[in-house]
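Colleague: Using the sequences plus the hints, can you model the full thing?
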Amino acid sequence: MEIIKNIEDLNKFRSNYDQISFVPTMGNLHNGHISLIKKANEYNDTVLASIFINPLQFNDKNDFINYPKTLDSDINLLIKNECDCLFLPDQSILNNIKQIKSSYKSQHLCGLNRPGHFDGVLTIVNRLFDLVKPTRAIFGKKDYQQLLLISDFVKENNLPINIIGSEIVRDQSGLALSSRNNHLSADEKKLASNLYKTLKIIANKGNKLTNNDIINEKNRLLELGFSIDYLNVCNPQELSKESNYNIRPLIVAIAAHIGEIRLIDNILIT
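Each number in the working numbering corresponds to the 1-based position in the sequence shown with 14 added.
Be careful, since some hints might not be right.
Unchecked claim - In the EDC-like style, the derived pairs of lysine to aspartate or glutamate whose C-alpha atoms are separated by at most 20 Å in a straight line are: (1) 255 to 227; (2) 214 to 181; (3) 214 to 170; (4) 83 to 56; (5) 115 to 170; (6) 19 to 104; (7) 211 to 237.
Said to hold, decoys possible - Simulated DEER-style distance windows between Cβ atoms: (8) 30 to 227: 28 to 36 Å; (9) 30 to 254: 41 to 49 Å; (10) 31 to 106: 44 to 52 Å; (11) 260 to 76: 38 to 46 Å; (12) 207 to 229: 34 to 42 Å; (13) 85 to 201: 37 to 45 Å; (14) 258 to 233: 22 to 30 Å; (15) 56 to 185: 20 to 28 Å; (16) 30 to 170: 40 to 48 Å; (17) 263 to 130: 23 to 31 Å; (18) 258 to 31: 41 to 49 Å; (19) 260 to 109: 48 to 56 Å; (20) 45 to 199: 36 to 44 Å; (21) 82 to 187: 15 to 23 Å.
Calculated directly from the structure, the hints in this document are not laboratory data.
Model, not experiment: these values are computed from the prediction.
Positions of the beta carbon are idealized from the N, C-alpha and C atoms, including for glycine.
Modeller: If you want it as structure tokens, here you go:
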């Protein structure tokens, strides 16, 4: 695997390949990230990953400073899983960066409690797209709102990039894999598995789902010790709350805290 740390070398690398499948990350890689690398390898293109901890998307400066850095482990995982190139830019890629304003869809779900977060995500993703010039880019469906906003941005700006959503990877309990899980104790991880159980309970109600069902599930999680940012049934394209639970598709999305650790998950009802 080639490791590139500056734009000049990236341009040289890029000029040698027609097709690039791109996996942007912030490092601290786990099997969820590796599933994106494996997805990228399905296209038989050159697979390029990036690791850049993006300060623009953090609402809390301490979260940025304390974000886990596991570069040696990350590199070994990428090599083991047949990544061809790792781009490791420094903070200079933020110089003169074009600021991107996210659409109204960023005001729902995670955007309610994380003002400016998706502006920061789109700003750095646009910069990376401009540098890497990928044929396609792979993002996880766990961050569904992020995936939708990036996909919309690419379409609206006619960028020649195919955005691929990769399925959520879960542990045996159903807990969606996340770098944040590293901060959970064994008991907290067991507790966190209730998030996916809640999503499945709501999804399995089918056409019989009512507002009371959602309220009851929210109260159950509160009794277990979670604090909840949202538990919403939404239109999967608009992300607004849906009042008609009989239409399809729908997405059930949740963000909840165990102590200081914020976890998100979702399930699509088709």
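Colleague: Indicate, hint by hint, whether the structure satisfies it.
Modeller: Hints, verified against the model:
no., hint, in the structure
1, 255 to 227, "holds, 15 Å"
2, 214 to 181, "holds, 16 Å"
3, 214 to 170, "violated, 33 Å"
4, 83 to 56, "violated, 28 Å"
5, 115 to 170, "holds, 13 Å"
6, 19 to 104, "holds, 7 Å"
7, 211 to 237, "holds, 15 Å"
8, 30 to 227: 28 to 36 Å, "violated, 55 Å"
9, 30 to 254: 41 to 49 Å, "holds, 45 Å"
10, 31 to 106: 44 to 52 Å, "violated, 24 Å"
11, 260 to 76: 38 to 46 Å, "holds, 44 Å"
12, 207 to 229: 34 to 42 Å, "violated, 21 Å"
13, 85 to 201: 37 to 45 Å, "violated, 30 Å"
14, 258 to 233: 22 to 30 Å, "holds, 23 Å"
15, 56 to 185: 20 to 28 Å, "holds, 23 Å"
16, 30 to 170: 40 to 48 Å, "violated, 31 Å"
17, 263 to 130: 23 to 31 Å, "holds, 29 Å"
18, 258 to 31: 41 to 49 Å, "holds, 47 Å"
19, 260 to 109: 48 to 56 Å, "holds, 51 Å"
20, 45 to 199: 36 to 44 Å, "violated, 20 Å"
21, 82 to 187: 15 to 23 Å, "holds, 22 Å"
Going down the numbered hints, you'll see the structure goes against 3, 4, 8, 10, 12, 13, 16 and 20, while the others check out.
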